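For the first sequence, the residue numbers in our numbering are 58 to 278.
Hint data in this document are derived by calculation from the structure and do not stem from the laboratory.
Remember, it's a predicted structure, so these values are computed and weren't measured experimentally.
Every residue, glycine too, gets a C-beta built ideally from N, C-alpha and C.
Heads up, a few of these hints could be off.
[To be verified] Cβ-Cβ distance ranges computed for the label pairs, FRET-style:
no., residue 1, residue 2, range
1, L70, D224, 25 to 33 Å
2, H191, V226, 31 to 39 Å
3, L70, S249, 30 to 38 Å
4, M278, S208, 20 to 28 Å
5, K261, D224, 41 to 49 Å
6, E84, R238, 17 to 25 Å
7, L268, M83, 12 to 20 Å
8, M83, R264, 21 to 29 Å
9, Q204, V62, 20 to 28 Å
10, V62, R248, 41 to 49 Å
[As the list claims (entries may be wrong)] In silico EDC-like cross-links for lysine to aspartate or glutamate, where the CA-CA straight-line distance does not exceed 16 Å:
no., residue 1, residue 2
11, K245, D224
12, K120, E98
13, K197, E117
14, K236, E117
15, K120, E198
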Amino acid sequence: MQWTVDDVKAWLLWTLRQYNLPMISMEYFALDGVALSSLCEEEFQRRAPQCGCTLFAQLEIWKAACQELESRLDMTEASRWSSPGTSASNDASTSNNCASSSGDASDDEEEEGDPTPPPTAGGKVATRGGSHIHLWQFLKELLASPQLHGSCIRWLERTKGVFKIEDSVRVARLWGKRKNRPAMNYDKLSRSIRQYYKKGIMKKTERSQRLVYQFCHPYCM
DNA sequence: TACAGGATGTT
DNA sequence: AACATCCTGTA
Numbered sequence: 058m059q060w061t062v063d064d065v066k067a068w069l070l071w072t073l074r075q076y077n078l079p080m081i082s083m084e085y086f087a088l089d090g091v092a093l094s095s096l097c098e099e100e101f102q103r104r105a106p107q108c109g110c111t112l113f114a115q116l117e118i119w120k121a122a123c124q125e126l127e128s129r130l131d132m133t134e135a136s137r138w139s140s141p142g143t144s145a146s147n148d149a150s151t152s153n154n155c156a157s158s159s160g161d162a163s164d165d166e167e168e169e170g171d172p173t174p175p176p177t178a179g180g181k182v183a184t185r186g187g188s189h190i191h192l193w194q195f196l197k198e199l200l201a202s203p204q205l206h207g208s209c210i211r212w213l214e215r216t217k218g219v220f221k222i223e224d225s226v227r228v229a230r231l232w233g234k235r236k237n238r239p240a241m242n243y244d245k246l247s248r249s250i251r252q253y254y255k256k257g258i259m260k261k262t263e264r265s266q267r268l269v270y271q272f273c274h275p276y277c278m
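Model the full structure from these sequences, guided by the hints.
Right under this line is the structure:
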């Protein structure tokens, strides 16, 4: 996360726009990438009461995606991420240090994450982070960023909530990373999706194709 | 490999 | 409750 203050601002604006979120005061986010990463969910909420939760969750996904790209993908796609930048003019700063040699990487190294303890006052701080995200929410978050995850999961018919998992291994790995479950795989992830059938969160498609699922109505909006 | 679900443990 | 894990069986 080597973002500058401007990179952070660009990411915020881009994310707000992607999700039609209300505008926020950028003054509270005059931070570089490292500082932004060190913020806990509550601190996001404080700075952006309307959408801090979403921004925090999106940043988690972004970080996971960056790790994925650095460790897994080759340089051919590296040009696609760099900094978010609104679709208009953009970057003279492709701040990439992706010098990762290819070779193999059964698993990536630890993330630079957050070595900075949150300097908040008062007693109770980070600890109660929000990892209580549901699988269906996580999948929707991935689906909401096709530029980042379109190669592993994408909508087939967005209005109907039909989507396809293109790369089951990668989706499962991202889910495991998010939940801190290193042993996660598609077998277990798909079992959880199947539980959604009787819960009315997802349903089977008309003529079931493999790796294609469908959200039930309130959940696909 | 993917899919369907039952059983059981964990948080 | 919402998984995570494991497993039997089917296609």
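To see whether the hints hold, each was checked on the structure:
Take L70 and D224: their Cβ atoms lie about 29 Å apart, and the range 25 to 33 Å holds. Restraint check, H191 to V226: a C-beta distance of roughly 21 Å breaks the suggested window 31 to 39 Å. A C-beta distance of roughly 34 Å is found between L70 and S249, which places it inside the suggested range of 30 to 38 Å. Range check, M278 to S208: about 25 Å between beta-carbon atoms, so the 20 to 28 Å window is met.
At about 21 Å, the CB distance of K261 to D224 disagrees with the hint of 41 to 49 Å. Between E84 and R238 the beta carbons are some 37 Å apart, a value that contradicts the proposed interval 17 to 25 Å. The given range of 12 to 20 Å is broken by L268 and M83, whose C-beta atoms sit roughly 40 Å from each other. Range check, M83 to R264: Cβ separation about 48 Å, and the 21 to 29 Å hint is violated.
A hinted range of 20 to 28 Å for the beta carbons of Q204 and V62 is consistent with their spacing of about 23 Å. The hinted window of 41 to 49 Å between V62 and R248 holds, with their beta carbons roughly 43 Å apart. A threshold of 16 Å between alpha carbons decides the hint, and for K245 with D224 the separation of about 15 Å falls inside it, so the pair holds. Pair hint K120 plus E98 holds up; C-alpha atoms about 15 Å apart against a cutoff of 16 Å.
For the hint pairing K197 with E117, the CA-to-CA distance comes to about 14 Å; that is within 16 Å, so the pair holds. Using a Cα cut-off of 16 Å, the hinted pair K236 and E117 holds, with the two alpha carbons roughly 11 Å apart. The hinted pair formed by K120 and E198 meets the criterion: a straight-line CA distance of about 13 Å does not exceed 16 Å.
When the structure is compared with the earlier hints, violations turn up for hints 2, 5, 6, 7, 8 and for no others.
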